[in-house]
Amino acid sequence: MQTTRLKLVTIIAEAVLEDRLLRELKSLGARGYTMGEVRGEGTRGIHASDWEGQNLRIETLVSPEVAERIMAHVAQHYFPDFAVIIYSVDAEVVRGPKYL
Amino acid sequence: MQTTRLKLVTIIAEAVLEDRLLRELKSLGARGYTMGEVRGEGTRGIHASDWEGQNLRIETLVSPEVAERIMAHVAQHYFPDFAVIIYSVDAEVVRGPKYL
Amino acid sequence: MQTTRLKLVTIIAEAVLEDRLLRELKSLGARGYTMGEVRGEGTRGIHASDWEGQNLRIETLVSPEVAERIMAHVAQHYFPDFAVIIYSVDAEVVRGPKYL
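Chains as they are written, first to last, in my numbering: chain A, 1 to 100; chain B, 1 to 100; chain C, 1 to 100.
Incorrect hints may appear among the rest.
Just so you know, same-sequence chains aren't split out, so a pair can sit in one copy or run between any two.
The calculated lysine to any residue pairs, modelled on SDA-like cross-linking and capped at a C-alpha distance of 20 Å, are [to be verified]:
{"id": "1", "residue 1": "Lys98", "residue 2": "Leu22"}
{"id": "2", "residue 1": "Lys98", "residue 2": "Gln2"}
{"id": "3", "residue 1": "Lys98", "residue 2": "Asp19"}
{"id": "4", "residue 1": "Lys98", "residue 2": "Arg20"}
{"id": "5", "residue 1": "Lys98", "residue 2": "Phe82"}
Treat the hints as calculated values from the structure; they're not laboratory data.
Given these sequences and hints, build the entire structure.
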């Protein structure tokens, strides 16, 4: 079984950011996404918990270069104002070239 | 804490495939599964987006051999006709032998 | 893009354990969590399937030390009585120190 090593990038963000995030993911090179509803809680600074409630969990399989680009974009444009979580995990993907 | 390295195999597929996929996973050696509802969008070829809407995200922790078998099975039996995504990630699992 | 390698710990458990698990995760050092609803099926022993139905999937990004502590805690306090699944995956996290 031939597989391709890609990055599975996961973003957790407020539901209100859905349209904007999906549009930007696409323009940064993502070929698709999977999205589910989650609840969450986290701290944004040292002193206070400032988000809790309905969020989206968006996942996309992309090349390492696109993953890098997505993470840099989210860090620059979302971290100052939104409690967004973003991370990437190595995944062995069947029919990998489809995602590039 | 002793852990076992297993493969976490994730399948994203149309909800209509649920019963068939779960039956097949079991017969290929999976000992259990976790399933959630997701939405998604992706491209199947170069020219057109051909699936969008309600999908299932099925996850199963299995040995590398069973992961290989599941991925080969899905590639052979689903890729020609369905917009299925399948990938595997390394996971350190507590009480791992239970999944073998 | 600077990232930090953390552990993404996933717990699948009965919904009734939500409050207890979240309280304990926090006291073991987790700074936040994401939670979604899933269904599942699995075997707990060799002979019988003994859980099926609505479950929670709780994810938390933590240091390797906290991951170790959470997995040991769950193994000791839940495995004897509950059909809990717990595993960890390596993740490259943007703004990682926030989770430590």
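Now the hints, each set against the structure:
With identical chains, the CA atoms of Lys98 and Leu22 are at most 20 Å apart within one copy only, with a shortest distance of 19 Å there and 25 Å across copies. For the homomeric pair Lys98 and Gln2, the shortest alpha-carbon distance inside one copy (13 Å) is at most 20 Å, but the shortest distance between copies (28 Å) is not. In this homomeric assembly, Lys98 and Asp19 never come within 20 Å of each other (Cα to Cα): the closest approach is 23 Å inside a single copy and 26 Å across copies. Taking the closest pair of Cα atoms, Lys98 and Arg20 never come within 20 Å of each other, the shortest separation being 24 Å inside a single copy and 25 Å across copies.
Proximity of Lys98 to Phe82 under the C-alpha cut-off of 20 Å is restricted to the inter-copy arrangement: shortest distance 14 Å between copies versus 32 Å within a copy.
When each numbered hint is compared with the structure, violations occur for hints 3, 4.
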